[in-house]
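Trainee: If you want the building blocks of each chain, they are given just below.
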Amino acid sequence: MAANGSFLSIKINNIKLLDYWGLGMDNAVDNLFEALFALTDLRVLLRETAPLHKLSAEQQMQAREALARAKAALSKLEEELQE
Amino acid sequence: MKIAGNIPVREVEENFINIQPIQAAGRLTAEAMKALIAYGDGYSTCDQCRKPFRLDKITKPPIAEFHSDLSKFLNMDEARVTPGARRAFQAVCLALVEKGDTVLVSALGHYTEFLAVENAKAIVREVPTNDLNIVTGDAVAQKIEEVTREQGNPPALVMLDHFDYSLANEHDVAGAAKAAHQYDIPILYNGAYTVGIKPVDGKALGVDFVVGSGHKSMASPAPSGVLATTSGYADTVFSTTQMIGDVTGRQFGVKEVQMLGCTLMGGNILAMMASFPTVRRRVEGWGEYVTKSNYVVDALLSIKGNMCVSEYPRKHTLSKVDTTGSFDTVARIHKRRGFFFSDELKQRGIVGAFSGATRAWKLNTYGLSWDQIRYIADAFKEIAGKYGLL
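Chains as they are written, first to last, in the numbering used here: chain A, 1 to 83; chain B, 1001 to 1390.
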């Protein structure tokens, strides 16, 4: 997601995933995908460290970042769906 | 944990090191998993399909660009995605081979090559391997001459696996291409075990078709694959429909006959595209994966009685080993028979070796980190030590 808050910028590599139509994407949907993608990064980290899941310092940092992204997105999602 | 009540969540890759021989290089990247999340719906590629209404022409998402990138990646002129390598073999056979023609395949060729030839009502003839289980260019030339002598016509096509599915030995594709072209026979490069994990240059190899498997070697879901060809063969293998409906007069313009129109219309191609930047980078690291493969095979060979059935030192991450002289001696007297070995591996968090097999079996170490590689090597030696095999 872009830091400027644009709704048009969720991308997987060069694939723009959402909002082909240029209408702007609902914030709730945006945050939903952001949370799912952050958890996916965490999933891959678990794969890379199987079977013991002993994370190096760098991997621990990656895990913390992914969890923080997921929590932030879920927190926003919760707010948006209660509005 | 279950999906829809009775489908267990697959946690193999998260909980274990998986050395299953055909699964290693098809494991998805994080980006491919994200693409599946977003594009899992059936015809998800078709949101902005515009004239001429063909998958490889879609620009949003950038599927057209991906096709162009694929052909450049393989150094060929045209590429299409296919539902697996097998559908690419089928497309080439149906386009080039007539009923009763002969097609040469390797004596270590994949069964789907046989089926593709049979589907075109042609006949397979096998090129034998040499004493080292390698197909050479000379062997291809000899087989062409033999078939031509017997039948009065040369074979219509040669198909050769660069690394075969059985031993993952490296076969002489460049030599075979040279031989085939001396007799004006086109040659198909089966890169199911190379495209996506090691660099492949179709023009340098001198082949007419390059086939890859998305789910085997390009970190993509099944089925997915690629068929790339030269400008000389593109019009033949990607020919467009000429059919006209006799009642309605309908025609379908640019739809390609051998592709049966559009091929991968949903999450599969988007996942393939999402993995592609990683795939493009990872082929440059092939040498290190081969080093890791040899590290594990060397650990197995350090156990008395073990042999490497594949060519050695290894040139690939897939290997066939024979442990008849070690782990199988334990299996003969163990109450769990051959399952003792997979039990021991599983207890250590390693899966993918064929359950119950303690004689000849295959493993693939592609994609594993050095920590995981050392862990596997140590596990084999630890199991051997436990049963007094060291």
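Note that these hints are calculated values from the structure, not bench results.
Predicted model, so just to flag it, every value in this text is computed and none were measured.
Wrong hints could be hidden among the right ones.
[As the list claims (entries may be wrong)] Computed from the model, here is a short list of chain A residues facing chain B with C-beta under 10 angstroms: (1) Ile12; (2) Thr40; (3) Arg47; (4) Ala57; (5) Gln60; (6) Leu74; (7) Glu78.
[Claimed, not checked] In silico EDC-like links for lysine to aspartate or glutamate, alpha-carbon gap of 16 angstroms or less: (8) Lys54/A x Asp1138/B; (9) Lys76/A x Asp41/A; (10) Lys1203/B x Glu1078/B; (11) Lys1386/B x Glu1311/B; (12) Lys54/A x Glu1256/B; (13) Lys1051/B x Asp1322/B.
Just so you know, even glycine gets a beta-carbon here, dropped at the ideal spot from N, CA and C.
Trainee: So which of the earlier hints does this model not fit?
Mentor: Hints 4, 5, 6, 7, 8, 9, 11, 12, 13 not satisfied by this model.
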